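There are 2 protein chains.
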Amino acid sequence: MAASLPRKGLFDIPDGVIYLDGNSLGPLPKGAAERALNVIGEEWGGELIRAWNTADWMTLPKRVGDRIAGLIGAPEDSVATGDTLSIKVYQALAAALEMRPDRKVILSDSGNFPTDLYMAQGLIRTIGKDHELRTPAPEDVASAICEDVAVVMLTHVDYRSGRMHDMGHITRLAHEAGAVMIWDLAHSAGAVPVEIAACRAEFAVGCTYKYLNGGPGAPAFIYARPDIVERIEPALAGWLGHAAPFAMEPDYRPAMSTERLRVGTPPIIQLSVLDAALDAWDGVAMVDVRAASIGLCDTFISEVELRCPQLTLASPRDSGLRGSQVSFAFEHGYAAMQALIDRGVIGDFRAPDIMRFGFTPLYIGDDDVRTAAAIIAEVIGGELWRDEKYQVVSAVT
Amino acid sequence: MAASLPRKGLFDIPDGVIYLDGNSLGPLPKGAAERALNVIGEEWGGELIRAWNTADWMTLPKRVGDRIAGLIGAPEDSVATGDTLSIKVYQALAAALEMRPDRKVILSDSGNFPTDLYMAQGLIRTIGKDHELRTPAPEDVASAICEDVAVVMLTHVDYRSGRMHDMGHITRLAHEAGAVMIWDLAHSAGAVPVEIAACRAEFAVGCTYKYLNGGPGAPAFIYARPDIVERIEPALAGWLGHAAPFAMEPDYRPAMSTERLRVGTPPIIQLSVLDAALDAWDGVAMVDVRAASIGLCDTFISEVELRCPQLTLASPRDSGLRGSQVSFAFEHGYAAMQALIDRGVIGDFRAPDIMRFGFTPLYIGDDDVRTAAAIIAEVIGGELWRDEKYQVVSAVT
Numbered sequence: 001m002a003a004s005l006p007r008k009g010l011f012d013i014p015d016g017v018i019y020l021d022g023n024s025l026g027p028l029p030k031g032a033a034e035r036a037l038n039v040i041g042e043e044w045g046g047e048l049i050r051a052w053n054t055a056d057w058m059t060l061p062k063r064v065g066d067r068i069a070g071l072i073g074a075p076e077d078s079v080a081t082g083d084t085l086s087i088k089v090y091q092a093l094a095a096a097l098e099m100r101p102d103r104k105v106i107l108s109d110s111g112n113f114p115t116d117l118y119m120a121q122g123l124i125r126t127i128g129k130d131h132e133l134r135t136p137a138p139e140d141v142a143s144a145i146c147e148d149v150a151v152v153m154l155t156h157v158d159y160r161s162g163r164m165h166d167m168g169h170i171t172r173l174a175h176e177a178g179a180v181m182i183w184d185l186a187h188s189a190g191a192v193p194v195e196i197a198a199c200r201a202e203f204a205v206g207c208t209y210k211y212l213n214g215g216p217g218a219p220a221f222i223y224a225r226p227d228i229v230e231r232i233e234p235a236l237a238g239w240l241g242h243a244a245p246f247a248m249e250p251d252y253r254p255a256m257s258t259e260r261l262r263v264g265t266p267p268i269i270q271l272s273v274l275d276a277a278l279d280a281w282d283g284v285a286m287v288d289v290r291a292a293s294i295g296l297c298d299t300f301i302s303e304v305e306l307r308c309p310q311l312t313l314a315s316p317r318d319s320g321l322r323g324s325q326v327s328f329a330f331e332h333g334y335a336a337m338q339a340l341i342d343r344g345v346i347g348d349f350r351a352p353d354i355m356r357f358g359f360t361p362l363y364i365g366d367d368d369v370r371t372a373a374a375i376i377a378e379v380i381g382g383e384l385w386r387d388e389k390y391q392v393v394s395a396v397t
Numbered sequence: 001m002a003a004s005l006p007r008k009g010l011f012d013i014p015d016g017v018i019y020l021d022g023n024s025l026g027p028l029p030k031g032a033a034e035r036a037l038n039v040i041g042e043e044w045g046g047e048l049i050r051a052w053n054t055a056d057w058m059t060l061p062k063r064v065g066d067r068i069a070g071l072i073g074a075p076e077d078s079v080a081t082g083d084t085l086s087i088k089v090y091q092a093l094a095a096a097l098e099m100r101p102d103r104k105v106i107l108s109d110s111g112n113f114p115t116d117l118y119m120a121q122g123l124i125r126t127i128g129k130d131h132e133l134r135t136p137a138p139e140d141v142a143s144a145i146c147e148d149v150a151v152v153m154l155t156h157v158d159y160r161s162g163r164m165h166d167m168g169h170i171t172r173l174a175h176e177a178g179a180v181m182i183w184d185l186a187h188s189a190g191a192v193p194v195e196i197a198a199c200r201a202e203f204a205v206g207c208t209y210k211y212l213n214g215g216p217g218a219p220a221f222i223y224a225r226p227d228i229v230e231r232i233e234p235a236l237a238g239w240l241g242h243a244a245p246f247a248m249e250p251d252y253r254p255a256m257s258t259e260r261l262r263v264g265t266p267p268i269i270q271l272s273v274l275d276a277a278l279d280a281w282d283g284v285a286m287v288d289v290r291a292a293s294i295g296l297c298d299t300f301i302s303e304v305e306l307r308c309p310q311l312t313l314a315s316p317r318d319s320g321l322r323g324s325q326v327s328f329a330f331e332h333g334y335a336a337m338q339a340l341i342d343r344g345v346i347g348d349f350r351a352p353d354i355m356r357f358g359f360t361p362l363y364i365g366d367d368d369v370r371t372a373a374a375i376i377a378e379v380i381g382g383e384l385w386r387d388e389k390y391q392v393v394s395a396v397t
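Chains A and B, in that order, give the protein sequences. Residues 1 to 397 (the working numbering) are what the first sequence spells out, left to right. Residues 1 to 397 (the working numbering) are what the second sequence spells out, left to right.
Be a bit skeptical, because a hint or two may be false.
Unchecked claim - Residues from chain A that face chain B, not an exhaustive set, calculated with beta carbons under 10 Å:
#	residue
1	A3
2	A36
3	W52
4	G238
5	G241
6	M248
7	A291
8	G295
For the record, the hints were derived by calculation from the structure and aren't laboratory data. Fair warning: this is a prediction, and the values are worked out from it, not measured in the lab. From the three backbone atoms N, C-alpha and C, an ideal C-beta is built for every residue, glycine too.
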């Protein structure tokens, strides 16, 4: 039975806050603290080292991976969890380059999140060969796919604008050109329906602290297409990706299936909190989330545009081309966002002038969107952002 | 003022348990659960995305790194935290190989923990050059250091036997041969005094869930010698190692100092728990820990040898050559360890026949050692390990 949305009762959101930043850090699910206390007090405290068996810590990364798989259209045993998204990008990219040893080009786009590009640059330097990272504008990616390209690595939904690539189309083009496809689902998992297995991409990676509400620094995930995974010789050949970690063999021998993409000892506390957070998705159909998200975003755009001519829409107007966020460009966006946060409307700012608002139908409803738009109109129309206190730039924005 | 040892009151250890496995997973420090509730409920729940600033999450990895630095003889700003030990091994090794581009040999030893060797194998495969991993027996490492060697990578204290390399001597030999030195301090940090800066090793790595009691899957750390760190071009070039992460620049530009060895978004919940765990070290001098540890280990060896001729000491008898653990070889060690655990003496087993016991003076005293030895004598002398229920092998041993 489909759950109706929103399900605000599942989250602890402070009174007076309209939280439109779940695309950066999801809010606290109600079961998270209790689960943390359980893993810390009962499992770690009570069972000590035995908890690896008695609390089944060893299989927790796989169990959490299987739950994420269900949200991105992937089969069981195809998603490994752990590490950070940056590390998972490196793993996928290193494996992809090995699959196309005669090709030298990594094709991404200039809108990709920087860490994906940085990790590619680091990998290229480390392998010390004549590989090249190409980053055309997002709208030029399709035409840049050619037979030089070893791997196409894209973030599905752009972190700044919310612009969404056509996953099926780009993957087909990549495969027609003989390239491997990697999708970064950081702004997709839990935000829009993804059918990663159906699109036949070889790899996907993502993080879990955004729309999946896993908490600050929650572990990342990596998907590898089941028919190729056993040909991967992992670059990051950690002991928990070994076929028999406790045999303590001198030579690396990869585990079956996606288990080989595990690396070191998993962050059990964070994984447990993430596992609890995923409960909020039980019974939720991504198609319903998507429908609600489009409704919220469309309402937000029309309400804000109606009231704030000073703001320029920086996201696609066509909901079919947009993820689950809406961005507006505003010269004084940094100060304006501080003024909004001060009034309980929490979005965020991305340089140079982007005010970002994430829409998360699990806990945001139509009333929230209308209230937020009214507060934005007050701040922008009344130039409340001019207050001195909103000009101080913090470390993280 | 030096704290007297043990400080059992700082830990929640179940009644009836003598915990001799803190070399695998340290027990629960009393402040950990409260800190977890605070970071989850107040910071994440109450501050949401703002906590990166208001709760100072962004600098938490550095603050925790500085506390670890104090325990391994390293200066401030020289230790980065995050990821897993496997990842930190890869970072150090990739950087070390780049420092010696004309050399092709990674020298380790056959007693090293497997993941260190596996990560080296994965790196060698990934860079696709004619590098070689050499693993002589631990006692032959010194004589195997020669001018072919790019990097010497050793675990200071052997995970099975507790045998300890002479850090100063081996580092000098490595440097005389023109090699870079990497120490894995997994079984050293919090176990034995380490003077990493004084020994001039270029890198050290370690984990924090053993003697530092950071909890299951607690983040790892990496030290880089301050005078070389700014020449490192990180292989794992993640955005949080960038000089200006939030400028979202298209090209990687490493941060100052050891910050460049950060990779992705840090695991804030686990880091907070680790930070709380490190409180147990306030006012503790490693020299006192070492003296107590030697006393405990020596007593344990003599008590067990006196009562259990069936067990063969598998650790150095000379305390100067031994870390903070004692291993005994016993053909039926797996079953015997299960029988001990059943009686509240928790150590662990490492294939093929090693019974390991860690000695952690923060929460283990002389009375514990004598009681444990008496219970071991009952189990071994009475052959209580023959019970069928102790023969079932679990996933993690």
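Right, here's what the structure says about each hint:
The restraint placing A3(A) at the interface with chain B is violated, with a minimum CB-CB distance near 22 Å, outside the 10 Å limit. Hint status for A36(A): holds, given a least beta-carbon distance of 5 Å to chain B, under 10 Å. Below 10 Å, beta-carbon pairs count as interface contacts, and W52(A) has one with chain B at about 4 Å; its hint therefore holds. Contact between G238(A) and chain B, as hinted, is supported at the beta carbon level, the nearest pair being about 4 Å apart and thus within 10 Å.
Taking 10 Å as the C-beta cut-off, the interface hint given for G241(A) holds, the closest approach to chain B being about 8 Å. Because the closest C-beta pair between M248(A) and chain B is about 5 Å apart, less than 10 Å, the hint holds. Contact between A291(A) and chain B, as hinted, is not supported at the beta carbon level, the nearest pair being about 26 Å apart and thus beyond 10 Å. With a cut of 10 Å, the hint placing G295(A) at the interface with chain B is violated, because the nearest CB-to-CB distance is about 23 Å.
Consistency note: the structure conflicts with the earlier hints numbered 1, 7, 8.
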